[in-house]
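K.L.:
Spelled out from the first residue to the last, the chains are:
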Amino acid sequence: MSRRLLFLLPLMTLALMAGFFAWSLLVGRDPAAIGSVMVGRPAPRLDLPALAPGEPPLSDAMLRTGKPVLVNFFASWCAPCLAEHPLFMRLKEREGATIIGVAWKNKRDDATQWLKRLGDPFRTAGLDLEGKTGLDWGLSGVPETYAIDGNGIVRLHFRGPITERDLNESLLPFLKGAK
Amino acid sequence: MRRLAPLVLGAMLAVFASAWAVEPSEMLKDAALEARARTIGQALRCVVCQNQSIDDSSAEVAHDMRRAVRERLTAGDSDDQVFAYMVARYGDYVLLKPPFKMSTLVLWLGGPLLLIVAGSALLVAAHRRRQQSPTSPQPLTAEERQRLDALLKP
Amino acid sequence: MIPEVGHFALILALCVALVQGTLPLLGAAQGDQRLMGLGRTAALTQAFLVILAFGALTQAYVTSDFSVANVVANSHSAKPLLYKISGVWGNHEGSMLLWALILALFGAAVALFGSTLPDSLQSRVLAVQGLIGLGFLAFLIFTSNPFERIAPAPPDGNGLNPLLQDPGLAFHPPLLYLGYVGFSVTYAFAIAALLEGRVDPAWARWVRPWTLAAWCFLTLGIALGSWWAYYILGWGGFWFWDPVENASLMPWLAGTALLHSAIVVEKRDALKSWTVLLAILAFSLSLLGTFLVRSGVLTSVHAFAQDPARGLFILAFLIAVTGGGLALYAWRAPSLQGGGLFQPISREGALILNNLLLCTLAATVLLGTLYPLFLDLLTGAKVSVGPPFFNATFVPICAPLFAALCVGPFLGWKRADLWPALMQLRLAFVVSAIAAIIAAIVVDSRSALAAIAFGFGVWLIVGSLVELAQRLKLGATPLAESLRRFKATPRASLGMTISHTALGFVVLGAVATGAWHSELIATVKTGETMSFAGYQVTLQRVESVQGPNYIAERATLAVTLDGRPYTTLQPERRLFVVQRRQVAETAIQTNLLRDFYATLGEGDATSGWVIRLYLNPLAPWIWLGAALCAFGGFVSLSDRRLRIGAPSRLRPATVR
Numbered sequence: 001m002s003r004r005l006l007f008l009l010p011l012m013t014l015a016l017m018a019g020f021f022a023w024s025l026l027v028g029r030d031p032a033a034i035g036s037v038m039v040g041r042p043a044p045r046l047d048l049p050a051l052a053p054g055e056p057p058l059s060d061a062m063l064r065t066g067k068p069v070l071v072n073f074f075a076s077w078c079a080p081c082l083a084e085h086p087l088f089m090r091l092k093e094r095e096g097a098t099i100i101g102v103a104w105k106n107k108r109d110d111a112t113q114w115l116k117r118l119g120d121p122f123r124t125a126g127l128d129l130e131g132k133t134g135l136d137w138g139l140s141g142v143p144e145t146y147a148i149d150g151n152g153i154v155r156l157h158f159r160g161p162i163t164e165r166d167l168n169e170s171l172l173p174f175l176k177g178a179k
Numbered sequence: 001m002r003r004l005a006p007l008v009l010g011a012m013l014a015v016f017a018s019a020w021a022v023e024p025s026e027m028l029k030d031a032a033l034e035a036r037a038r039t040i041g042q043a044l045r046c047v048v049c050q051n052q053s054i055d056d057s058s059a060e061v062a063h064d065m066r067r068a069v070r071e072r073l074t075a076g077d078s079d080d081q082v083f084a085y086m087v088a089r090y091g092d093y094v095l096l097k098p099p100f101k102m103s104t105l106v107l108w109l110g111g112p113l114l115l116i117v118a119g120s121a122l123l124v125a126a127h128r129r130r131q132q133s134p135t136s137p138q139p140l141t142a143e144e145r146q147r148l149d150a151l152l153k154p
Numbered sequence: 001m002i003p004e005v006g007h008f009a010l011i012l013a014l015c016v017a018l019v020q021g022t023l024p025l026l027g028a029a030q031g032d033q034r035l036m037g038l039g040r041t042a043a044l045t046q047a048f049l050v051i052l053a054f055g056a057l058t059q060a061y062v063t064s065d066f067s068v069a070n071v072v073a074n075s076h077s078a079k080p081l082l083y084k085i086s087g088v089w090g091n092h093e094g095s096m097l098l099w100a101l102i103l104a105l106f107g108a109a110v111a112l113f114g115s116t117l118p119d120s121l122q123s124r125v126l127a128v129q130g131l132i133g134l135g136f137l138a139f140l141i142f143t144s145n146p147f148e149r150i151a152p153a154p155p156d157g158n159g160l161n162p163l164l165q166d167p168g169l170a171f172h173p174p175l176l177y178l179g180y181v182g183f184s185v186t187y188a189f190a191i192a193a194l195l196e197g198r199v200d201p202a203w204a205r206w207v208r209p210w211t212l213a214a215w216c217f218l219t220l221g222i223a224l225g226s227w228w229a230y231y232i233l234g235w236g237g238f239w240f241w242d243p244v245e246n247a248s249l250m251p252w253l254a255g256t257a258l259l260h261s262a263i264v265v266e267k268r269d270a271l272k273s274w275t276v277l278l279a280i281l282a283f284s285l286s287l288l289g290t291f292l293v294r295s296g297v298l299t300s301v302h303a304f305a306q307d308p309a310r311g312l313f314i315l316a317f318l319i320a321v322t323g324g325g326l327a328l329y330a331w332r333a334p335s336l337q338g339g340g341l342f343q344p345i346s347r348e349g350a351l352i353l354n355n356l357l358l359c360t361l362a363a364t365v366l367l368g369t370l371y372p373l374f375l376d377l378l379t380g381a382k383v384s385v386g387p388p389f390f391n392a393t394f395v396p397i398c399a400p401l402f403a404a405l406c407v408g409p410f411l412g413w414k415r416a417d418l419w420p421a422l423m424q425l426r427l428a429f430v431v432s433a434i435a436a437i438i439a440a441i442v443v444d445s446r447s448a449l450a451a452i453a454f455g456f457g458v459w460l461i462v463g464s465l466v467e468l469a470q471r472l473k474l475g476a477t478p479l480a481e482s483l484r485r486f487k488a489t490p491r492a493s494l495g496m497t498i499s500h501t502a503l504g505f506v507v508l509g510a511v512a513t514g515a516w517h518s519e520l521i522a523t524v525k526t527g528e529t530m531s532f533a534g535y536q537v538t539l540q541r542v543e544s545v546q547g548p549n550y551i552a553e554r555a556t557l558a559v560t561l562d563g564r565p566y567t568t569l570q571p572e573r574r575l576f577v578v579q580r581r582q583v584a585e586t587a588i589q590t591n592l593l594r595d596f597y598a599t600l601g602e603g604d605a606t607s608g609w610v611i612r613l614y615l616n617p618l619a620p621w622i623w624l625g626a627a628l629c630a631f632g633g634f635v636s637l638s639d640r641r642l643r644i645g646a647p648s649r650l651r652p653a654t655v656r
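Chains as they are written, first to last, in the working numbering: chain H, 1 to 179; chain F, 1 to 154; chain V, 1 to 656.
Hints listed in this document are in silico derivations from the structure and should not be mistaken for laboratory results.
Computed from a predicted structure; not experimentally measured.
Heads up, a few of these hints could be off.
Said to hold, decoys possible - Okay, derived cross-link-like pairs now, DSS-like style, lysine-lysine, Cα gap no bigger than 25 Å in a straight line:
{"hint": "1", "chain 1": "V", "residue 1": "Lys267", "chain 2": "V", "residue 2": "Lys414"}
{"hint": "2", "chain 1": "H", "residue 1": "Lys132", "chain 2": "H", "residue 2": "Lys107"}
{"hint": "3", "chain 1": "V", "residue 1": "Lys487", "chain 2": "V", "residue 2": "Lys473"}
{"hint": "4", "chain 1": "V", "residue 1": "Lys267", "chain 2": "V", "residue 2": "Lys473"}
{"hint": "5", "chain 1": "H", "residue 1": "Lys92", "chain 2": "H", "residue 2": "Lys176"}
{"hint": "6", "chain 1": "V", "residue 1": "Lys473", "chain 2": "V", "residue 2": "Lys414"}
{"hint": "7", "chain 1": "H", "residue 1": "Lys67", "chain 2": "H", "residue 2": "Lys92"}
{"hint": "8", "chain 1": "H", "residue 1": "Lys92", "chain 2": "H", "residue 2": "Lys116"}
{"hint": "9", "chain 1": "V", "residue 1": "Lys382", "chain 2": "F", "residue 2": "Lys101"}
{"hint": "10", "chain 1": "V", "residue 1": "Lys525", "chain 2": "F", "residue 2": "Lys29"}
{"hint": "11", "chain 1": "H", "residue 1": "Lys132", "chain 2": "F", "residue 2": "Lys29"}
{"hint": "12", "chain 1": "H", "residue 1": "Lys176", "chain 2": "H", "residue 2": "Lys67"}
{"hint": "13", "chain 1": "H", "residue 1": "Lys132", "chain 2": "V", "residue 2": "Lys382"}
{"hint": "14", "chain 1": "V", "residue 1": "Lys382", "chain 2": "F", "residue 2": "Lys97"}
{"hint": "15", "chain 1": "V", "residue 1": "Lys267", "chain 2": "V", "residue 2": "Lys487"}
Working from the sequences, and respecting the hints, build out all of it.
P.N.:
And the structure:
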């Protein structure tokens, strides 16, 4: 009997593997997704010069005001940032959301021009020319958006441009729900 | 006339691995630290690429990570501390050598376990077979003896 | 018109495959000669039809027929002819058609050259081939049709991926597929044997040539892919443990185990169920590789365009083929009669150890490749499994494998003494130890592991040659006698010696290049000189060069040694205008003992260019060794005993 079982072992191994493959294909798992370790943790340091000259630099205090804050990393040379921009304008104008922008690896002039041309959804914007802050925030590129609650804890982390679906299913509920 | 003045900004290294995305401007002057940076760089994954280490990727993030590795090494961090720095920001995903923890137990031990279990099973089976198989043939049964006599009868 | 002919031929081939896959099986079960003979006819017809289809697609590419969607997506009128042809299989649909072609050709080969096979066995083998062909043709026609038209036809195509426009990579897929598909024949033999309920030495004798052929081609395919990565990717690496590479390594490991296991079945009528299992696994791993590359479940630099629908189809096929095979195995294998008994210390025992270690290696690679997927689905945690993992788990297991490899041939069948065998290898052991010590002292005193690995490479070479020398009684008898013995040595044994020795060369090359290469990365302006590994390298000029479908920046590096001109290297960076992609063209100068390797990076006249120089010791030995390994396999294949196949028929007794 146990000998039979031994001969069934390869088949059972196949069944296990095939089960995983089918599961992966059916749920549409994205093998390139890298996840995020920031969610559920206090937001990393935000210690940057402001994009607009003369304005005070960005600081961590801006993330712990008791109200939810969105932090959006962008760049003028980034095409998907252009695509998601209208959604941020909508968040600012219709929902009154506080959004902090960070220009990542962008020349100050280029970023400022871009915002002037398209509209500025940000309460304030910072400049991360070298990418050091991006690294601290676990950035893999632009655009990426973080949703931080009133206590300074990261609740959501979007890699890539946000979509209507992200807006309706995640961001709006977050803004309404968070203290 | 050929200028022999060396404008070599890199260093000659006999290292364990090479890296085609590392730029001369990134490399550290201290050869020992640079060698450590290379070894660490070969073990860190570029988070936006397909299965490349940060040393082999020309992505912006990979460049940032290489720079950060060298900054931390210059600041005196140990190799483990540099890895921990990266894991704190990107998770275990960034390590090309998966950490040894509960969730990766099967991964690390699967191969050796298979070898040991299968090997032992084979040895046990071989031992048992040797015990069972007689060295001399079984004596004939009565029926077989009768048949043999019948055949041998002229 | 012609693409339609090709399309129609494919559909016909599908029908023929259906016939081939069912009726001969029926015939074998009922002993019906006519139905069994149908298998041969069907196989030959299918081959003809698929050749027609493949020819039609090739014609569309060569004439740049842009009314065919596949040609538009993957070709361009300005491409050189060689790459127009290799573009046929440089995409998903075309490569699947190549699979189907090779499958049909192998089926025809079994029909033509398998005349010594018993009818029932041959018809069952052809039927299984037919069923596999059915699956692939269905996949082609229903999900990946290469003959789809596009209207209106665009004026030109999108061009082929620049990375693929390279002679090395042009031949890499055909060689690989010859290997993968060759294992389908051994799979068919295994299924046929399970259906017959009989695995005997004659079966093993028939299986061996097909396994050898598949294995040789797979070895060449993998070596070519590795060599291509080495000279195109620009940093001297040749194996990255990428999922797609692993997908080709796993069937190779299983195929190697199968090759050796079949010897035991043939010689001693033992190890039957293991051999049958390996035959099923080798092909299953080939299919698994196809699935991993085309389904999108894993990320890889090599992967084709992803499509989950295709992925599900291939998965279903994989389950049908592998699951069916393994189910049949679970049902029938326990009743396979065990054969000759043997002691643990014996040639059989050594080959079992070989099996075990190779299977463990394959399992390690499988586990490492798929674990991120499993963990992600189960817990959502993301981990990466890269070269450091495989270096820590795969490489150590190679040590006992290499150690045993040289000892095995010295052990007798059934029962052997270990100590005398080891004694015969003491010369090899001493030479290897000395080589390792020299390597540790002279070359690099830091890495003891590299020195030990180097020692293993020498062990493989000397150990294999010592076995041959013993066989020829070199030194103990006059040279003429040794020569006579050499001529009498069966080719299969010579093939073994060649392949085992070649493996040693591969190990030496891999260790030397991996552990002891020199590197220089620098920014230089024209006219400046770098000092590198004893050479003086001057950047003479960087100029723009026009290629057939690219513009390149070419650097000219003059290398001198001790003041005398040594060589000139001209690395390039090519920009393919159609795809807007850059590909580095490395410059390699080799003297077969080391590669002098240069690449050109970004830069301009004012700030200088980034030049990377590498000196890779023994790098050529990796691929020369691999080619020699495959050559050894071909030598084995040419053994007359294998071509005769069946044991010679008894002549009828003459009646006095």
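K.L.:
Sort out whether Lys97 (chain F) lies within 25 Å of Lys382 (chain V), counting only the CA atoms.
P.N.:
The given pair, whose Cα atoms are some 13 Å apart, holds under the 25 Å limit.
K.L.:
Compare the distance between the alpha carbons of Lys92 (chain H) and Lys116 (chain H) with 25 Å, and conclude whether the hinted pair is satisfied.
P.N.:
Satisfied, since the Cα-Cα distance of roughly 16 Å is no more than 25 Å.
K.L.:
When you check the alpha-carbon spacing of Lys132 (chain H) and Lys382 (chain V), does it fall within 25 Å?
P.N.:
holds (24 Å)
K.L.:
Starting from Lys487 (chain V), check that the Cα of Lys473 (chain V) is at most 25 Å away, please.
P.N.:
OK: Lys487 (chain V) and Lys473 (chain V) at ~13 Å, within 25 Å.
K.L.:
Lys473 (chain V) and Lys414 (chain V): Cα distance at most 25 Å?
P.N.:
holds (24 Å)
K.L.:
Under the criterion that the straight-line Cα-Cα distance not exceed 25 Å, is the pair Lys267 (chain V), Lys487 (chain V) satisfied?
P.N.:
holds (22 Å)
K.L.:
Verify the proposed pairing of Lys132 (chain H) with Lys29 (chain F), using a straight-line Cα cut of 25 Å.
P.N.:
holds (21 Å)
K.L.:
Does the structure keep Lys267 (chain V) and Lys414 (chain V) at a Cα separation of 25 Å or less?
P.N.:
holds (11 Å)
K.L.:
Holds or violated: Lys525 (chain V) and Lys29 (chain F), Cα atoms, limit 25 Å.
P.N.:
holds (20 Å)
K.L.:
Is Lys132 (chain H) close enough to Lys107 (chain H), meaning Cα to Cα at most 25 Å?
P.N.:
holds (15 Å)
K.L.:
Can the restraint linking Lys267 (chain V) and Lys473 (chain V) be considered satisfied, given a maximum Cα separation of 25 Å?
P.N.:
holds (24 Å)
K.L.:
Does the alpha-carbon distance linking Lys176 (chain H) and Lys67 (chain H) stay inside the 25 Å limit?
P.N.:
holds (10 Å)
The structure agrees with every numbered hint stated previously.
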